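As given, the protein sequences belong to chains V, W, H and G, one line each in that order.
6 is the number of the first residue of the first sequence in the working numbering; add one for each residue after it.
6 is the number of the first residue of the second sequence in the working numbering; add one for each residue after it.
8 is the number of the first residue of the third sequence in the working numbering; add one for each residue after it.
8 is the number of the first residue of the fourth sequence in the working numbering; add one for each residue after it.
Hints were generated in silico from the structure; no laboratory data involved.
Just so we're clear, the structure is a prediction, and the values are computed from it rather than from any experiment.
Ideal placement from N, C-alpha and C gives every residue a C-beta, glycine not left out.
Hints are supplied without guarantee of correctness; some may be wrong.
What follows is a list of derived Cβ distance ranges for each label pair [to be verified]:
1) G:L115 to H:T199: 33 to 39 Å
2) G:L115 to W:E268: 43 to 49 Å
3) G:S330 to V:T342: 44 to 50 Å
4) G:A314 to V:R25: 39 to 45 Å
5) H:R270 to W:P207: 51 to 57 Å
6) H:Q299 to G:K201: 53 to 59 Å
7) H:Y331 to G:D265: 20 to 26 Å
8) V:D201 to G:D265: 51 to 57 Å
9) G:T41 to V:S7: 55 to 61 Å
10) G:A314 to W:L213: 32 to 38 Å
11) G:K201 to H:E319: 55 to 61 Å
12) H:P321 to V:E210: 22 to 28 Å
Here are the computed lysine-lysine pairs in the BS3-like style, where the Cα-Cα straight-line distance is at most 27 Å [said to hold, decoys possible]:
13) W:K240 to W:K301
14) W:K124 to G:K228
15) V:K8 to V:K58
16) V:K8 to V:K230
17) V:K124 to H:K262
18) W:K58 to H:K262
19) H:K99 to H:K313
20) H:K201 to G:K262
21) W:K124 to G:K313
22) W:K301 to V:K301
23) G:K262 to V:K58
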Amino acid sequence: MSKKSYRQAINEALRQEMRRDPRVVLIGEDVAGGRGGSAGNNESWGGVLGVTKGLYTEFGPDRVLDTPISEASYIGAAAGAAATGLRPVAELMFVDFIGSCLDQVMNQMAKFRYMFGGKARTPLVIRTMYGAGFSAAAQHSQALYPLFTHIPGLKVVVPSSPYEAKGLLIEAIRDDDPVIFFENKVMYDDEEEVPDEMYSIPFGEANLTREGGDVTLIAIGRMVKLANEAADRLKAEGIGCTVIDPRTTSPLDTATILECVAETGRVVIVDESSPRCGMAADLSALIAEEAFADLKAPIRRVMPPHTPVPFASTLESLYVPDVNRIISAVRSVAPQTAERVA
Amino acid sequence: MSKKSYRQAINEALRQEMRRDPRVVLIGEDVAGGRGGSAGNNESWGGVLGVTKGLYTEFGPDRVLDTPISEASYIGAAAGAAATGLRPVAELMFVDFIGSCLDQVMNQMAKFRYMFGGKARTPLVIRTMYGAGFSAAAQHSQALYPLFTHIPGLKVVVPSSPYEAKGLLIEAIRDDDPVIFFENKVMYDDEEEVPDEMYSIPFGEANLTREGGDVTLIAIGRMVKLANEAADRLKAEGIGCTVIDPRTTSPLDTATILECVAETGRVVIVDESSPRCGMAADLSALIAEEAFADLKAPIRRVMPPHTPVPFASTLESLYVPDVNRIISAVRSVAPQTAERVA
Amino acid sequence: MSTLQINRDVMARSYRAMRTIRDFEERLHIEFATGEIPGFVHLYCGEEASGVGVCANLTDNDTIASTHRGHGHCIAKGVDVGAMMAEIYGRKSGICGGKGGSMHIADLSRGMLGANGIVGGGPPLICGAALSHKLLKDGGVAVAFYGDGASNEGTTLESLNLASVWHLPAVFVVEDNGYGEATAASYAVAGTQKARAAGFGMEYFECDGTDFFDVYEVAGKAIERARRGEGPSMVHVHLSRWYGHFEGDSMSYRKSEDVAAERRDRDCLVKFRNRTTEAGLFTADELDSVDQAVRDEIELSVRNAKAAPMPEAPDLLSDVYVSY
Amino acid sequence: MSTLQINRDVMARSYRAMRTIRDFEERLHIEFATGEIPGFVHLYCGEEASGVGVCANLTDNDTIASTHRGHGHCIAKGVDVGAMMAEIYGRKSGICGGKGGSMHIADLSRGMLGANGIVGGGPPLICGAALSHKLLKDGGVAVAFYGDGASNEGTTLESLNLASVWHLPAVFVVEDNGYGEATAASYAVAGTQKARAAGFGMEYFECDGTDFFDVYEVAGKAIERARRGEGPSMVHVHLSRWYGHFEGDSMSYRKSEDVAAERRDRDCLVKFRNRTTEAGLFTADELDSVDQAVRDEIELSVRNAKAAPMPEAPDLLSDVYVSY
Ligand SMILES: Cc1ncc(C[n+]2csc(CCOP(=O)(O)OP(=O)(O)O)c2C)c(N)n1
Ligand SMILES: Cc1ncc(C[n+]2csc(CCOP(=O)(O)OP(=O)(O)O)c2C)c(N)n1
Ligand SMILES: [Mg+2]
Ligand SMILES: [Mg+2]
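Just chain V, with the same shape it has in the complex:
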């Protein structure tokens, strides 16, 4: 056990799985970086933000495959390779680039198993960066996991910390279905204690990162961190929050969510994906349908506005949910002092 960054945790999961299973290969743009370059340094980058650094050096060109800039062909190749015996981990550098290869994800890998009557397995992972906060503007800052959660046949993982990232990525690589693994680009340098050995975190099991009986806070990915911070500050005010990190949006641990709601009857959902048909809507609808009798207040959603992600830092920081907005939302539904559990 030692302190590792989100970046290191992901790198370690990849390395350990590649050592364990020779069928695991990495595919992507500059996942090594430097092929054909005049310096003869075939691993200059190890990914645009250095996440796959060292893997080319250890595993060589047959296991770490740099690609031309042509997402449809290499994401599709990952699907074809998965259906024929490899277990690829493909990198879609930014999830915003899904527009260049959605068909291979939506109509090919996601549907093989069903269309082919259960006779295909497509064990692959697409690692991809998401999220605002980097001043990367409208085409490099989207969250977009709702698109993937919408598509039957895909599993969708949004790890909220280094520990989560390692365990969930190992699980993703071992899973026999196509998995989309969302890495928040702002979190790569976040650190926490992460075991050195391999471990996996099962899909569809939410994690309670804070417990408190007044309000249920559900948050996705980086928003878990903010929700925790909000919960800690609210505790000082005497409002106890249970924070739920669903970990995977598909499959979704509906049981844990509904249990917590049964306890608190008050719900705030924090999500950085666009609001319409987004993740917060999905969770809210689940609760409004299945836990209606438990609800003591309207379900509140803390989300970005229905706009593209703006460039200017002043606007971007208004765009993404922040701790203050979470706190106000919780206060607006929290029970009166007398009824509080905490």
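Since the structure of chain V is provided, determine the placement of chains W, H and G with the ligands on it from the hints.
Positioned in the frame of chain V, the structure of chains W, H and G with the ligands alone reads:
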């Protein structure tokens, strides 16, 4: 005024707008059909299901442009043309093919206006077919409007009848933003009275197709027809339903929806898009947040399961919502006999 | 003219496969007209020698990806005809349990990675299958079939480049039947397939898709190159489509004489029969008895398909995920 | 060697544009290092003669689409430098009100359809702009700039075909600087750009992207062909990138001597100065005074940008739709 099919209504809207405005051009695969063919018949098809028939003959090759099978290039061309003075109506044959061109829709046309600080206009329409019921299987039957509704900058129209189709398509062509226009492939032969003259139906104004004070039924596209039928049958049982056709999922007429919910306090949403992060979830979340105090029962959603669309007719008819499932859902939330309005 | 120096078994099997495709498709044409077959059906009639000529160079250890017009490729790759027919009828006994239908027939155990409802869907997958063959060192080759129309899809073009960059054991077979739906290749395909191959650093071969022997030999060269680790190639197959784009299309964009001439002069089965009987490789009787056996097989497959039960409610929800 | 028979005004304007780009970019390199500039910044230094040589053949009535490395194209097309700088700093006075940033600078009034954060995003748009020019009969030509890396994107390849099929007044300028991010074109681009042009039935031109006169003349031919209605062409520009892929990239994949040699031997500004002064077209003093004027302009643009106010809360929600 005369009886027209959904297909004819759409064709008439296109023809009338093309006559009115020379900047309106049609772009798509086989929208004429026959180019280069040995019979020298340049308009053999008029669209794969005959929707654009006759337009090439009237407007010629400069206004009705057949394309190679390369959606990214011609959908992108529609965006580029719209930004530079034309008003294209591009056809994406089946919405399932969005995977081949999503980037041009999501990152280009949808974002131009915002990214460029309000200085671009991209007036174009993408007409596309959606929906199950044709035994067209997993890659030709999806609904997918949630994907588009999720993306800020796009307007999304799902017309529920021939009358609606004509008026909404004319509005779409005159609108200065990119509009995605969803045609249900099973409805092309549906007929109703449609005015011969041009008329437009404003976006963001829901239509109440049935009124009744017990339960609010919200339905999208072809589901409106089924919801109406369900409402008619339930009336006989003494349950009065208000049926809301939002017409456009983006912009959404939240005011009308919330007013109706305030009246009935009971809601059933009928939608044929996939359930997770789908349209029904979006509507449910809106209501659970904004009309919580009005709700007297859990919000019920009638939706397909979280699976691809199956081929076999037995399975496909279980997949799509039907009148019986709508009726049961309404009964499950309807008020006791004594409290009914009807 | 191509040589007849082919193993007699291969020839016999190939003739049977071509005849099976022909009868399968002609029968579907009739059955579709009765309204009993649901969905979209695209017939491969007239193109049999292409799929069969290519696949005669392959074994179950090799992989192919197909298109919306996939029945021929499936049969050529050895997929069970009865299970295919049942699938097209949407029966539980179908090769995909009735969930796929005509456009999604697949059989991975035979190296058949699926018909595909998406034009240009297959070539990227074939890059991946070829990568598997290469890295797993199983000696296999992966072959993408795609049409002249599909040759304009970005996915196809990117795949040509990727296959070259990765030096994959892959073959890209352009089945150029002159039309994509109702649009002629002469309108929609700028430049040439040959120059496209060069544009992506790839060997180019071409052949007459109505001559089994030509296809077999030419595709064989490309496949053997790939097998030897010499990289990918394009095989441009010149063909003609005998029926409409899909069942229901009246083909008003083509002169009916064109199609009639194709059927008269470029029938791969007639060509095969003439050449092999003239060369004394098969007797007319031998081929006739194959024809009879195929007729019986198709008849049986239709009868069984019609009699088979439909999938039921629980089938709707199964097979989405391996585990969930 | 290309001729010097160019209108002197065009030459003067082009020199100023190239110098402006150079100074703009060198200044950004410095400012970025201070941490004050947010987001991703891709510098066009060393490639100035390409954008300027092409755009010197265009007017505001023509359209261009650019890339993530877009500052040079914007300046070449006449976009206001102060408003560009303010945009890169995310100010309300920026050309996009601070909402776009470096990768999304656009000015439709100048026929500048936008930088683009998506590799391969521009070529389809240019097919559309060319269609507008053709149908609106305004005599305009549309030009897509894209990199060697982008030449492997399906969107780009499809667009080459579409432009040929529609016989559009379009020019596709491949700015081949030898790298896409950290990957060399020698690895990622199979075949040749020339063969790709042929593969899509398109005229092919090539030129030295560090020689303004060569670019101007060669691109001019392609643009005039398009203007005369003779269809699209590809212009392959040979270039080198002087800085990392984006600011922050140390370029450990390239020999530093390579870059040094490029800077020494293939500096478009030095070449321009040498040729024009030797030919007596400009005096060194004349060019020096342009240099000074540009230095002042850039200095002012940075000072103004830093002093300008940031956008505020209401700006977050405006400009999503024309009406909603
Ligand atoms: C991405 C996509 N675009 C369009 C279609 C509709 N479509 C189905 S088949 C076809 C024509 C394909 O032509 P070609 O590749 O020449 O194959 P052929 O039908 O001639 O065998 C088209 C346009 C589709 N299925 N997928
Ligand atoms: C669709 C897409 N894929 C990948 C990227 C990441 N990316 C940005 S620039 C770039 C390299 C582009 O290379 P090239 O086209 O040669 O242009 P250059 O940077 O050399 O000017 C890449 C891979 C992107 N922005 N969009
Ligand atoms: Mg064809
Ligand atoms: Mg480059």
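So, going through the hints one by one against the coordinates:
Taking the beta carbon of each, L115 of chain G and T199 of chain H are about 37 Å apart, inside 33 to 39 Å as hinted. With their beta carbons about 47 Å apart, L115 of chain G and E268 of chain W fall inside the hinted range of 43 to 49 Å. Our hint of 44 to 50 Å for S330 of chain G and T342 of chain V holds, since their Cβ atoms are close to 46 Å apart. For the hinted restraint 39 to 45 Å between A314 of chain G and R25 of chain V, the CB-CB distance of approximately 57 Å leaves it violated.
Distance hint check for R270 of chain H and P207 of chain W: the Cβ-Cβ separation is about 55 Å, which falls inside the suggested range of 51 to 57 Å. As the Cβ distance of Q299 of chain H to K201 of chain G is approximately 55 Å, the hint placing it in 53 to 59 Å holds. Taking the beta carbon of each, Y331 of chain H and D265 of chain G are about 52 Å apart, not inside 20 to 26 Å as hinted. As the Cβ distance of D201 of chain V to D265 of chain G is approximately 41 Å, the hint placing it in 51 to 57 Å is violated.
Our hint of 55 to 61 Å for T41 of chain G and S7 of chain V is violated, since their Cβ atoms are close to 34 Å apart. Evaluation of the 32 to 38 Å hint for A314 of chain G and L213 of chain W yields a failure: the beta carbon distance comes to about 55 Å. At roughly 59 Å, the beta-carbon separation of K201 of chain G and E319 of chain H lies within the given 55 to 61 Å, and the hint holds. For the pair P321 of chain H and E210 of chain V, the supplied restraint of 22 to 28 Å holds, since their beta-carbon distance comes to about 26 Å.
Proximity of K240 of chain W to K301 of chain W is assessed by CA-CA distance (about 20 Å); at most 27 Å being required, the pair is judged to hold. Only pairs whose Cα atoms come within 27 Å are accepted, and K124 of chain W paired with K228 of chain G is rejected, the gap being roughly 32 Å. Taking the CA atoms of K8 of chain V and K58 of chain V, the gap is near 18 Å; set against the 27 Å cutoff, the hint holds. For the hint linking K8 of chain V to K230 of chain V, the alpha-carbon distance of about 17 Å falls within 27 Å, and the restraint holds.
Restraint check: the Cα-Cα separation between K124 of chain V and K262 of chain H comes to about 43 Å, which exceeds 27 Å; the hinted pair is violated. Between K58 of chain W and K262 of chain H the CA atoms are separated by roughly 20 Å; this keeps the pair inside 27 Å, and the hint holds. In summary, the hint linking K99 of chain H to K313 of chain H is supported, as the alpha carbons are separated by about 11 Å, within the 27 Å threshold. Straight-line distance between C-alpha atoms of K201 of chain H and K262 of chain G comes to about 37 Å, which puts the hinted pair past the 27 Å bound.
For the suggested pair K124 of chain W and K313 of chain G, the alpha carbons sit about 23 Å apart, so the restraint of at most 27 Å is met. Note on K301 of chain W and K301 of chain V: the hinted pairing holds, with a Cα-Cα distance of about 13 Å set against a maximum of 27 Å. Of the supplied pair hints, the one linking K262 of chain G and K58 of chain V holds, its CA atoms being roughly 20 Å apart against a limit of 27 Å.
The structure fails to meet hints 4, 7, 8, 9, 10, 14, 17 and 20 from the earlier list, while all remaining hints are met.
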